[in-house]
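Visitor: Numbered per the working numbering, the sequence shown spans residues 9 to 300.
Since the hints were derived computationally from the structure, they do not count as laboratory data. Relax, there's no trap hidden among the hints.
In the BS3-like style, the derived pairs of lysine-lysine whose C-alpha atoms are separated by at most 30 angstroms in a straight line are:
1. Lys71 with Lys116
2. Lys240 with Lys178
3. Lys71 with Lys22
4. Lys178 with Lys224
5. Lys79 with Lys131
6. Lys240 with Lys189
7. Lys117 with Lys224
8. Lys22 with Lys39
9. Lys240 with Lys40
10. Lys22 with Lys117
11. Lys224 with Lys79
12. Lys71 with Lys117
13. Lys71 with Lys224
14. Lys116 with Lys22
15. Lys79 with Lys240
16. Lys240 with Lys131
17. Lys79 with Lys40
18. Lys71 with Lys109
19. Lys224 with Lys131
20. Lys40 with Lys131
21. Lys178 with Lys131
22. Lys22 with Lys79
23. Lys131 with Lys39
24. Lys71 with Lys19
25. Lys79 with Lys116
26. Lys189 with Lys131
27. Lys40 with Lys71
28. Lys79 with Lys39
29. Lys40 with Lys117
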Amino acid sequence: MTDSNKIATVKSQKAQADRVREQLLRLVSEKKLTAMLMDRVNPEHFIQACMTHYLGGGASMMKCDPLTFVKACVEAAQLGLKPDPVLGECYIIPRQISFKKADGSWDKKWVAQFQMGYRGVAKLVRRSDQVRDISPAVVYENDEFNVHLGTEQRIVHRPYYMLGHNEPGKVIASYTVVTFKDGSTSFRVVPRYDLDRAAEASGNPGNKDWSNVWNKHYDAMAMKTALLRHAKWLPMPDDCLRAVNVDERREMGISDDGNDFIDAEVTEYRDESDGDDDGAQKDPLDNLADDR
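All chains should be modelled from the sequences, with the hints used to inform the complete structure.
Guide: Below you can see the structure in the form of structure tokens.
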């Protein structure tokens, strides 16, 4: 890349970042973002976290339509989650997706997509007026792990380091335990076979490649999978339950409308745009506050 091309790229990226910041500040000025956050997160801190996330998203993030990033930020705000990678409540991930055009043919585009972390899922579950706490855990092959079903359900889990092992071994399962305010408990176990199937579903359609996040963070994704599957059966506010269902569909590579299929994170980019710039004349932010 020549120096002039580099300068042009930097200017373009700065313009995109300025556009994202302007749209977020507009939502603050119109009180929409403040209303969505409902005192759960300071709006100024929220925007700072969003911009840090955007600028740290690398080249793939810059290929996304900036408005898809803003919409992902709105999803986070509606749930009162802060897109701070250190907190791990939620993330905004650049992805290349395949979509069906009006003429029936398929094309690809880059979008920024909201996705919860396992801490975010747990936070939503704890908002239930019937749940006192929820705890996820990973089971390793050197652990002692016994599951009792039937009329007297319970889990017995002794970790490897309590059994004289120095290494945990591979992951064999994950599970969650919920404690309700009346003192009763509930649990959900997801064995390795089902975890691997979830990892396969997260990758490219038609093959068994795992997405980058499963390859790099298997343990965390194993806990999130158990949380998502358990949360669907728990008493939760409607907006939280919908967020859990949408997130699970996205983990499987299915978009909210069921028609788009995620190709997973792509490190190489081939520009397939047709040169249309219809989005420049549209401002979907007017309806973002009600886009649930």
